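Protein chains: 2
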Amino acid sequence: VPATWIDADLLVPGEAKRVVAVVQPSHLLHLAWYAEPGQYWTSRENLRWVKATVDLAAAFVDRGGRRLLGVGSCAEYEWAEGHCDEGLTRMAPATLYGASKLAAGHMTGALASQAGVSAAWARLFFLFGPHEHPARLVSSVVRALVRGDDAPCSEGSQVRDFLYVKDVASALVAVLEHDISGPVNIGSGRPTTVKELVTRVGDLVGQPARLLWGARPADPVRRLTAATERLHRTVGWRPAFTVDAALTETIDWWRARERDGRA
Amino acid sequence: VPATWIDADLLVPGEAKRVVAVVQPSHLLHLAWYAEPGQYWTSRENLRWVKATVDLAAAFVDRGGRRLLGVGSCAEYEWAEGHCDEGLTRMAPATLYGASKLAAGHMTGALASQAGVSAAWARLFFLFGPHEHPARLVSSVVRALVRGDDAPCSEGSQVRDFLYVKDVASALVAVLEHDISGPVNIGSGRPTTVKELVTRVGDLVGQPARLLWGARPADPVRRLTAATERLHRTVGWRPAFTVDAALTETIDWWRARERDGRA
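Chains V and G are the protein sequences, given in the same order. In short: position in the first sequence from 1, add 77, done, that's the numbering used here. In short: position in the second sequence from 1, add 77, done, that's the numbering used here.
Please keep in mind that the hints were generated in silico from the structure rather than gathered at the bench. Just so you know, not all the hints are guaranteed correct.
Copies of the same chain look alike in the list, so a pair counts if it fits in one copy or across any two.
[As the list claims (entries may be wrong)] Heads up, simulated SDA-like pairs for lysine to any residue below, C-alpha to C-alpha not over 20 Å straight-line:
hint, residue 1, residue 2
1, 272, 113
2, 272, 109
3, 94, 121
4, 272, 249
5, 94, 120
6, 94, 165
Values in this document were obtained by computation on a predicted structure and should not be read as measured data.
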């Protein structure tokens, strides 16, 4: 099936209804949100995206949609808990971004449920890959190293769940095509320290000495990892990429970009 | 301090900002919401009230507000859990109303938190008292009995936390004046069956035989009671009314209303 692109600004009132009327979709995978690094944690844009998301979900269920998947975040959890389980961990977001994603997930779930529409909410953890904003962890380190610059890092003992964007994409499709309902963490299920991951970047680029450990403050959240029983057992999805394969593709992409002088 | 009334429709864009600019309040107790019996569980009006609530909270924190108290509901909890604890019970609302209140609570809390404003979220359970909509439990029974009619009731073994509206009002003021943050259940802390409460109504009106037990279907939620440690111990608030005193005031109010022919 060839893809059809339709441009729409979901922040414009009425646009969600218009697009849904044109497409009459059976399935909805909703990824759009405000995500400007350094801004999105606290921006009031989050409030506008809650409304845009809810408007889109309402239009979708009103026009005969059958399966809805929205995209949330590990920022919805109480970070003090460390390991995030969809059914057990407290939901006490520390940020307006996390609170807004949680709010959007609850509201779209309730809208779908009362219309008899199947709905799930994918919670993303730590992503990396080509096209990532250069201010983020993996992209900033890879970019510095392929340029031959130093890469200032935190001391790196924080534990996270990292996942390659191509695996994130295939996981979202798997959840969309399944009938699981409610929140589903999208994670590798392999807790990793920042230091382990960034060390692999240094080794794969061949510039381990350029990593300046402790040159940046570490995120005070010690551990933020994903329970993945729902994704790996219930949905039956597993990552296709090893960490090395994923980092190699990411490094190759940044090298090509630097070579082309588009940086 | 004499009260000043200002009329405003918070669903009209810009009204929240206007009112806050006029009043410049230090404290905000926000009760407005859509609450039409039979409609409010599923109505899309809930979505509009999430936005209105968030807009009001944003205007309040932007104009130097210091303490915000919003009003939520026991419908925010996963009802299968029975006893509702602010810190432990799963938040999985069964209704759009519950999801919307939960969403509004998270978003106003995050808006306040990042502005350094103190905020709490009061979760109401089962209220009764004068001025209640005649379609609700206590009001429907009292009204029927004072008219000399039969009062069809469910079998009544469901367990709930009931609280008199005057106690609810004083509890809200106590929470507003405290600095507790996050969700606070507003409850009596005395789990009661519907049958116990309605039996007292029958006895106090002197019409116990008019109660037709089992004539209506019972709510399938067996137990919905409030953990009240935060309200009773942390805030230090206790109800002032006994059940009998509260029911007597309610019955007297309905008797006067029926006598005046305003029913």
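Right, here's what the structure says about each hint:
Taking the shortest Cα distances, residue 272 and residue 113 never come within 20 Å of each other, neither inside one copy (25 Å) nor across copies (56 Å). When the C-alpha separation of residue 272 and residue 109 is checked against a cutoff of 20 Å, the pair qualifies neither within a copy, at 31 Å, nor between copies, at 50 Å. For a Cα distance limit of 20 Å, the shortest separation of residue 94 from residue 121 across copies, 15 Å, qualifies, whereas the shortest one inside one copy, 23 Å, does not. In this assembly of identical chains, the alpha carbons of residue 272 and residue 249 never lie at most 20 Å apart, being 27 Å within a copy and 49 Å across copies at closest.
Taking CA atoms no more than 20 Å apart as the test, residue 94 paired with residue 120 passes between copies only; the shortest distance there is 18 Å, against 26 Å inside one copy. For the identical chains of this complex, residue 94 and residue 165 are neighbours neither inside a copy (36 Å) nor across copies (38 Å), given an alpha-carbon limit of 20 Å.
Hint compliance for this structure: hints 1, 2, 4, 6 are broken, all remaining hints hold.
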